[in-house]
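All chains should be modelled from the sequences, with the hints used to inform the complete structure.
Just add 53 to the spot in the sequence shown (first one is 1) and you have the working numbering.
Source of the hints: derived by calculation from the structure; they are not laboratory data.
There's no promise every hint is true.
What the hints assert, rightly or not - Below are the BS3-like pairs computed for lysine-lysine, each with C-alpha atoms no more than 27 Å apart in a straight line:
| no. | residue 1 | residue 2 |
| --- | --- | --- |
| 1 | Lys491 | Lys361 |
| 2 | Lys482 | Lys170 |
| 3 | Lys415 | Lys482 |
To be verified - Across the chosen pairs, the derived CB separations fall in these ranges:
| no. | residue 1 | residue 2 | range |
| --- | --- | --- | --- |
| 4 | Met407 | Ala242 | 16 to 24 Å |
| 5 | Met407 | Glu506 | 29 to 37 Å |
| 6 | Asn351 | Glu372 | 19 to 27 Å |
| 7 | Met407 | Gly128 | 33 to 41 Å |
| 8 | Ser156 | Met407 | 33 to 41 Å |
| 9 | Val194 | Asn265 | 36 to 44 Å |
| 10 | Gly200 | Thr162 | 32 to 40 Å |
These numbers were taken from a predicted model, which means no experiment stands behind them.
Cβ coordinates follow ideal geometry from the N, Cα and C atoms, glycine included.
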Amino acid sequence: PAAVTTSAPGTSASATPTTTAPAAAIGLASAPTAAAAATGAPNLKATGAGKLTVTFDRKLDPATVTTAAVTLMAGDRPVAGTVTYVDAIGLPTVTFVPAAALSILTAYTLTISPVVKDRVGTALASAFVSRFTTGATPDTVVVAATGTTPSLDATGVSLFPRIAVSYSELLNTTTVNATTFTLMQGATAVPGRISFVGNAALFIPLQNLAANTTYTATITNSVKDLNGVSPAEGTTWRFTTGQPPAAQALPALGTAAPYAVLSGSTFATTGASVIRGDLGFTNGFSTPGFPPATINGNILASSPATIKAVLDLSTAISEVAQRVAGLTLIPDELGGLTLSPGLYGTTLGATVTMQDLTLDAKGDPNAVFIFQSHGDLTLNRARQVILTGGARATRIIWQVPGATSVAIDATLNGTLLATGPIRMQTDAKVNGRALSEKGPVTLDRASVLKPLE
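Set out below in structure tokens:
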């Protein structure tokens, strides 16, 4: 695995393949200033309270980011604090917030243990260590809101907006919660979750907002900065949503349409996997694993037909990836969301890890859902993509430029238009198609069922 690298605050190491160790870049966000030492060195100096952030080049397994794995020491004395991990928006970030203001003119050491792993189980190559010394002047500046998104009285706002308040200093994230940051439609509270990007607090709705409707966002003055100082007043503003985006059309799959499984590389299966639809691959002539695996369709190995199908798949992937009209940006973590028909895009990839994802067709059986993942697609163990309101697997598209992983007992509805590898673990199911332009497709007693409709 690759060695851990560092860079200046606000930057991260370049992305590396998921088979290598995660790389980290330290950032020390303090009040009021933070400065790096010589470029590439992990030694940082700062004045003020000292909220510490470490950004990574890929998403981590949240279960491995614990107070035991992320520690702060003043000499041989441990510093109490809270550890959080956020990857919903922007760079995957581990944050350590001291329980009390750090002492002035004191040397500290931040350590992240190699027990921290990425989403595929690859650990840091070695412990990440950074040392810094606090300055002589504590922060006395009162934190203040500096702007909102959407702006006050904005109209035509997206039905899935990122609602944010920017501040003059970093906030104590534990003070921003469902009580202090709310979104209301009249007297009805909109469910959402809280995230952070730099000095901004974000409210992310868990469902599409209603069209042509006025909403009120409020963040109270109960929030605090890292030194426990609250703003002089809260912030309240209104905005009005616009029209729903135009309906999406399904991409043309051409000769790739009959395939349940298609690979522009290799195919492998273990155990009693089940395929309903054709199976094709371009690298190899035999299909070991049948039986115990079963197929209700044709097997085409390294044939002109499979080569043509992969070319048609490549065309479909390119067409979907270039769509921008009606595109709505959503969090990378899709778990817990309920989405209406439309075209959606993520930042670093797409995951369904915390809860299930629900797709609601609103009673329209012809509704189309298209997702541009801009990275990997991962469904954790037993997670599901749930269809409601007449949604159909045949009208759901997942465009995935990276790797796709459907974990044990997980269920994905829709057609995978993947560029990289597709791996389905034990008892995983895809109701749709598993199509990869360049990567291998691997089934471990898994099912790919092309819908009969």
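Outcome of the hint check:
| no. | hint | verdict |
| --- | --- | --- |
| 1 | Lys491 - Lys361 | holds (13 Å) |
| 2 | Lys482 - Lys170 | holds (26 Å) |
| 3 | Lys415 - Lys482 | holds (25 Å) |
| 4 | Met407 - Ala242: 16 to 24 Å | holds (20 Å) |
| 5 | Met407 - Glu506: 29 to 37 Å | holds (31 Å) |
| 6 | Asn351 - Glu372: 19 to 27 Å | holds (26 Å) |
| 7 | Met407 - Gly128: 33 to 41 Å | holds (38 Å) |
| 8 | Ser156 - Met407: 33 to 41 Å | holds (37 Å) |
| 9 | Val194 - Asn265: 36 to 44 Å | holds (41 Å) |
| 10 | Gly200 - Thr162: 32 to 40 Å | holds (36 Å) |
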